Structure formats: C-alpha cells, structure tokens
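Chains A and B supply the protein sequences, listed in that same order. Residues 1 to 114 (the working numbering) are what the first sequence spells out, left to right. Residues 1 to 116 (the working numbering) are what the second sequence spells out, left to right.
What the hints contain is simulated information worked out from the structure, not anything from laboratory work. Treat the hints with care, as some may be off.
[Claimed, not checked] Label-pair ranges, simulated between beta-carbon atoms:
| # | chain 1 | residue 1 | chain 2 | residue 2 | range |
| --- | --- | --- | --- | --- | --- |
| 1 | B | E26 | A | Q41 | 15 to 23 angstroms |
| 2 | A | V12 | B | E26 | 34 to 42 angstroms |
| 3 | B | V85 | A | E1 | 15 to 23 angstroms |
| 4 | A | I38 | B | V85 | 46 to 54 angstroms |
| 5 | B | F54 | A | D71 | 34 to 42 angstroms |
| 6 | A | V12 | B | S42 | 16 to 24 angstroms |
| 7 | A | P2 | B | Q83 | 21 to 29 angstroms |
| 8 | A | P70 | B | V14 | 47 to 55 angstroms |
| 9 | A | K83 | B | A81 | 44 to 52 angstroms |
Computed from a prediction, not measured in an experiment: that's the story for all the values here. All C-beta atoms in this analysis are idealised placements derived from N, C-alpha and C, irrespective of residue type, glycine included.
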Amino acid sequence: EPEVTQTPSHQVTQMGQEVILRCVPISNHLYFYWYRQILGQKVEFLVSFYNNEISEKSEIFDDQFSVERPDGSNFTLKIRSTKLEDSAMYFCASSEQGLYNEQFFGPGTRLTVL
Amino acid sequence: AQKVTQAQTEISVVEKEDVTLDCVYETRDTTYYLFWYKQPPSGELVFLIRRNSFDEQNEISGRYSWNFQKSTSSFNFTITASQVVDSAVYFCALSGSQGGSEKLVFGKGTKLTVNP
C-alpha cells in the first residue's frame with residue numbers, strides 16, 4: 001500500500017542551525033502539507049502546497065520556514081535558524097485532490113533543538 | 001473560525017468495554033468534512049474515517065462506529081469491545097471550505113488506554 005515517507009526519523013540540532021526535513025508523498029497525490037505537533041499537544045497546520053506553490057500557510061509559518069518540491073518526488077521543509085520552540089514532531093501529509101480529501105500522514109520527524 | 005473540541009483528555013477502560021470518544025466542532029461553513037485519526041504510541045497518524053456535512057448516516061466499520069449529529073455539531077466515535085491494541089491518542093479534525101482552505105483543524109486529542 002502506498003505511503004508517505006519522511007526522513008530523518010529524528011533530528012537533533014543546535015539552536016540557530018538550519019535543518020531540512022524531507023518527505024516523499026504518495027506518488028499520484030498532488031497536494032502536500034506540513035503539520036507540527038509539540039510534545040503532548042495537538043497537531044497544528046503549517047503550510048499547504050499545490051502546483052509548485054504555497055496555497056496556504058499559518059501564522060506559525062514565518063520567514064524562517066520554507067518549503068520546496070525540488071524534484072518530482074521529494075517535498076522538503078526548511079527551517080533557516082532553529083529556535084528551542086521549534087522542537088516538535090513534524091508531519092508531512094499528502095492528498096489526492098485537496099479540499100475535503102483525506103490526508104495521509106507520514107511517520108513524522110522528531111526535531112530536537114538544543 | 002473553525003474549532004474542534006475534544007473534552008475528554010484521557011479515558012481508561014478495561015478490555016472488552018465499549019468506549020465513546022466525543023468530538024464537538026464549530027464552523028460557519030455549510031460544506032465541511034470531519035475526520036478521525038488515530039495516533040498509536042509509535043507516533044504516526046492513521047486515518048480512520050471521513051464524513052461530509054451532508055451525510056448524517058451513522059457508519060460502522062467492524063468494532064468502530066461513528067455518530068454524526070449536525071444538530072449538536074458532534075461527531076462521536078465509539079469502539080465496541082475495546083482491545084489493548086486500541087490504546088492510542090485519537091484526534092478529531094475538521095476541514096472546511098473557507099476560502100478553499102484544505103487545512104485540517106485538529107482537536108487536542110483523547111488519550112485512550114485499554115487495560116487488559
């Protein structure tokens with residue numbers, strides 16, 4: 001069964017460093033998303049991406065964040081200068097048709113900022 | 001604004017008991033979708049069900065059933081004859097049509113522990 005994959009599963013970084021989280025969405029899906037979940041809290045939307053551009057972003061997704069689809073399969077989230085409060089689980093998701101469709105989530109990348 | 005409330009933070013039951021997880025939502029959209037996701041201890045988010053705002057029929061899938069009541073803005077999830085493997089955090093989520101937004105708005109989740 002097709003699934004969303006994410007690498008790495010765990011990333012430890014120093015405050016101020018740049019990190020890139022990688023995702024491979026399901027191959028025939030066209031809509032891509034990043035969410036984050038701070039430990040023990042709810043899942044929060046960061047950004048949605050369609051047709052090679054951001055379609056929506058939340059207040060959390062400030063200038064420190066960027067997304068890219070560098071090739072036909074990968075979808076990346078970059079945090080330019082990490083802060084302690086960026087420590088969270090980051091989930092990538094994809095859906096076939098966007099609005100109202102179920103989003104399939106990857107296993108997540110746990111980011112720890114020291 | 002869209003909002004999902006899961007008032008039950010944690011529930012603990014003994015195996016074979018039935019358990020209902022509550023979800024109440026707020027939206028101004030006339031067309032919207034509701035979802036349930038399961039997050040087992042391993043951390044991934046597993047899609048369970050999607051229900052649109054025009055379909056109030058209850059749904060049953062094996063031991064799982066969902067009760068959607070538009071009149072009370074609720075979309076409750078019942079597990080019948082619970083098993084230890086059902087232990088997880090369950091999230092209710094909402095997707096609406098505000099400006100074509102596709103984002104899922106999640107509740108805070110209910111942690112279910114099923115004891116043997």
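Status of the hints after comparison with the structure:
Distance hint check for B/E26 and A/Q41: the Cβ-Cβ separation is about 19 angstroms, which falls inside the suggested range of 15 to 23 angstroms. The beta-carbon spacing between A/V12 and B/E26, approximately 38 angstroms, falls within the hinted interval of 34 to 42 angstroms. Distance hint check: the CB atoms of B/V85 and A/E1 are about 19 angstroms apart, consistent with the given range 15 to 23 angstroms. About 26 angstroms separates the C-beta atoms of A/I38 and B/V85, a value inconsistent with the hinted range of 46 to 54 angstroms.
Between B/F54 and A/D71 the CB atoms are about 39 angstroms apart, so this pair conforms to the stated range of 34 to 42 angstroms. For the hinted restraint 16 to 24 angstroms between A/V12 and B/S42, the CB-CB distance of approximately 20 angstroms keeps it satisfied. Between A/P2 and B/Q83 the beta carbons are some 27 angstroms apart, a value that agrees with the proposed interval 21 to 29 angstroms. A beta carbon spacing of about 50 angstroms between A/P70 and B/V14 agrees with the range 47 to 55 angstroms that was offered as a hint.
At about 46 angstroms, the CB distance of A/K83 to B/A81 agrees with the hint of 44 to 52 angstroms.
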